[in-house]
Amino acid sequence: MEFFTEIASFFTFSEPNVKVVFWGSLILCAISGLVGTFTLLRKRALIGDVISHSVLPGIALAFIIGQQKNPLYLIIGAAISGWISTYLVDYITKHSKIKNDTAIALILSVFFGAGVLLLTHIQHSGNAAQSGLDQFIFGRASAMNMNDVWLFTIVGSIITLLIVVFFRGLSLLSFDESYSQSIGFPNEILKLILSITTVITVAMGVQAVGVVLMSALLITPAACAKFWTNNIIHLAILAVILSGLAGVLGSAISYTYNGMPTGPWIVVVISVFAFISAFIGSKNGLAKKVLQRNQNNKKILRENTIKLFYNPDEGETLSYPFDTVFQKSNMHRNTLKKGLNMLKSEGLLKVTNGAYKPTELGVKESKAIVRKHRLWELYISRFMHLQPDHVHDDAEGIEHVITPEIERELEKELDFPTRDPHDSEIPY
Amino acid sequence: MTPSVETHNLTVIYDKKPAVWNIDFTLPTGKIIGIMGPNGSGKSTLLKAIMGIIEPNIGYSKIFDQELDDVRTRVSYVPQRQSVDWDFPASVKDVVAMGRFATKGMFKRLNSEDNKIIEESLQKVNMLSFSNRQISQLSGGQQQRVFLARAIAQNADIYLMDEPFVGVDAGTEQAIINLLKSMRDAGKTLLVVHHDLHTAQDYFEHMVLLNTRLVAEGPTEKVFTKEILTETYGGTLTTLSKVASLLKEKDFPMRHK
Amino acid sequence: MIDFWIILTASLVATSTAILGCFLIMRKMAMIGDAISHAVLPGIVIAYLLTDSRASFPMLVGAAASGMLVTYIIQFFNQKVKLQQDASIGISYTFLFAVGIILISVFSNDVDLDQECVLYGEIAYVPLDKSFIGDLYIGPRQVWILGTTLLLIATSVWLGYRKLVVTTFDPSFAAALGINVVFWQYYLMAGVSLATVVSFESVGAVLVIAFLSGPAATAFLITRDFKRMIFFAIALGISASIIGYYTAFWLQGSIAGAIATIIGLQFALVFAYTQLLRKSRIAKVLDNKALT
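Chains as they are written, first to last, in this note's numbering: chain A, 1 to 428; chain B, 1 to 257; chain C, 1 to 292.
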């Protein structure tokens, strides 16, 4: 119960500081969602990882030089060392046989190590104002103040504006770099815009979520959105919304417990979004695949069952008792029963005295599936030079995927055939 | 005579496009056999499926009428040269020595006999003087020769080679084909993926013509005809591609019970 | 004596990770090492909470479990739902790491692990945690654990050396020889998890990554023989440990941070040297051209 009152007190801004945390997290997460969309599309997700680990020495140096915790100095310091780190990764990869992933791991850990060394050095040198510097490692949204929020708003607006203005160029760059180059887009400038916005976003974000988890804010929101849309504008908008939501929820949760770090909670929330999206997302989502597979199995069962009633003689339609049908099929008894019931409920079969008889619609369907089967047999025997005794198995599977469009194509390519490779009639 | 390689209904589908479809053939032994076809016609895939490197969606293959696992020591595979990272810190000799691992297993030390085989193999490809050279310092043609030497060191009965003539200089190409011919004369079977039509007739006694499906297979004089080549290089079967992409997209099983 | 134990601890970690790192970077899997070393955290914390002790075995089991979990989640995203590889890695390990940090915060009264030590270890305290046989002092506990691990890893790599090398250099050829490429991949991953887990307490996640990738990368620039690359990597790792320790002492900062910095400097020096060498070689070629 206490949890809910705490949550309620968060969203009603009952404490002045809550307002700062709310807006700070929201703005930061939203911007990283936006910037991260392009990092992800350019397959440079782990570069975000490098930058976020690498801002640490810059923060420490800015502190040593400025002798105080001025947010602007710290952000500038962070941005500079973050930018150097990406430059080094690219330089090493380009100018030596060291591969990209190795360069990433190396730069990330060395910069972070150097940052830790500097931070611990500052702590031991006993500067009173140092307090709070180590918060950069795990982030502490509650340490933000109204000045930070104003800074985020201004810088965030500039970043958003840049991205909106150059949206077309940035999208093309992310989608097809060489094409973008070929039509004369200024790739180098576009890349610079992306790397500067990424670096600045990370430099701001480390205050709230910390260096280790900042990379998640760049990667995860866009990855979530990718499970829902392929349109780049929708992708960016969705990433911003999900990320902002995660920022607010995460900081609300961390607010309810004392001494709970904000960054990890935001990351957990956005990760949960990612898992949910992976399961139920409309693009590549797991649930969709399971549904599709069920649907396939149903279609296969339905078509295989009605096929059993195919009767080449145009005369009257016969009825068959269950055992006759069962012997004809090579299905499991219960599977066949399920198939028959399905057809009955769809009005393709009629049951009288325990014998099954196809309706007019059923006859039509049975002809249709046999036609597809035999067309495919003919197609592969003619175009793939397969012997007639090798084509049946292939057609058993393929007959279920042939759409009306493909069927018409097959008919045309085979010049409206009447007989299959086994010299059986192709029914129409 | 037992066939060298036979495949039955071999089908491999990659992401949304068929690589090879329903390949059915039986190849003779003791010949240099070319696998020909346009780019993306599934030549390498066929070789990999025969070697068990990729699992076929349907179908199977046999070598010398046996399961691959029972004849591994008699089979040698030469991957595409570009498939490995030549920056790997190793010498020419190190790479060729890998050819001995098949018989030596994990622990047995390479003895003087192995070293002799390695040297002979290098001699055969004219690379003996390079045996301590770092592989990163080799030209494309030399890299290919190293791969061949490794295969020769395996002392197998059948060699499956993926594009051994790509990106090599004319001298190397001639040296390789002479080597293949002398191996054939020693009773070996060579299955070679190749795409240059100009040289095909001179290189191969037997051919497999491939364009996703098997277009033709047989002695060169019988299958290297204008008609068959037109069919092989005359574009893909669009309906087949559509069906295959539907299969993948809808995750349909190709065979079911 | 304290100096000695700390340097020995770091060197033991350096050796295990250098051996594995050489394989990892040649397989382009350096970031998997990164992912595992962050992701073992929740496993360690849960094991700690369940057994209420810092006993090594339960922690090892916990860490191994979350190490496996992260590889599984990466595979799930990458293969089951077709998310690109880099994003799959990024999502998976940040998630597990965040969970680990939250667990530490929630149970901060019960868990004697603090957030910072997770990242950069407590190598300075290693000599305080002593081992005895009866009453005989036989050195710090960590040294014994890390020593055993090193022995285990060195033996496993030595036993599987040929197959590890073939599967690293040419996986298709290895598969054609009948070698189970996937098995050797997991064999290596198991080694990385083990090394990471046991090194975690003393040097922390980030130095483990530095140790895994740095010395191997520097050695790769120096030599063109894989066995020598492993030995160079070990030597570089150990020397970074020694120099790093005294640097930390001099700057009064974190030992792990200092060692990572030295690893970076080693790389920078060798890299700059190879660049100069290459430039002078290019210059020579150009000169020769100008002459002819």
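Worth flagging that the hints you see were computed from the coordinates, not collected in a lab.
Treat the hints with care, since some could be wrong.
Unchecked claim - For lysine-lysine, the following BS3-like pairs were computed, each having C-alpha atoms within a straight-line distance of at most 25 Å:
| # | chain 1 | residue 1 | chain 2 | residue 2 |
| --- | --- | --- | --- | --- |
| 1 | B | Lys104 | C | Lys227 |
| 2 | B | Lys242 | A | Lys412 |
| 3 | A | Lys367 | B | Lys242 |
| 4 | A | Lys43 | C | Lys80 |
| 5 | B | Lys248 | A | Lys283 |
| 6 | A | Lys97 | C | Lys227 |
| 7 | A | Lys97 | C | Lys284 |
| 8 | A | Lys289 | B | Lys242 |
Claimed, not checked - One side of the interface only, derived from the structure: several residues of chain A facing chain C at Cβ under 7 Å:
| # | residue |
| --- | --- |
| 9 | Ala45 |
| 10 | Val110 |
| 11 | Thr120 |
| 12 | Ser215 |
| 13 | Ala223 |
| 14 | Ser271 |
| 15 | Asp423 |
All figures in this text were calculated on a predicted structure; none of them were measured in a lab.
Beta carbons: idealized from backbone N, C-alpha and C, even for Gly.
> Failing hints, ascending?
Replying inline: Checked against the structure, the only hint that fails is number 15, while the rest are satisfied.
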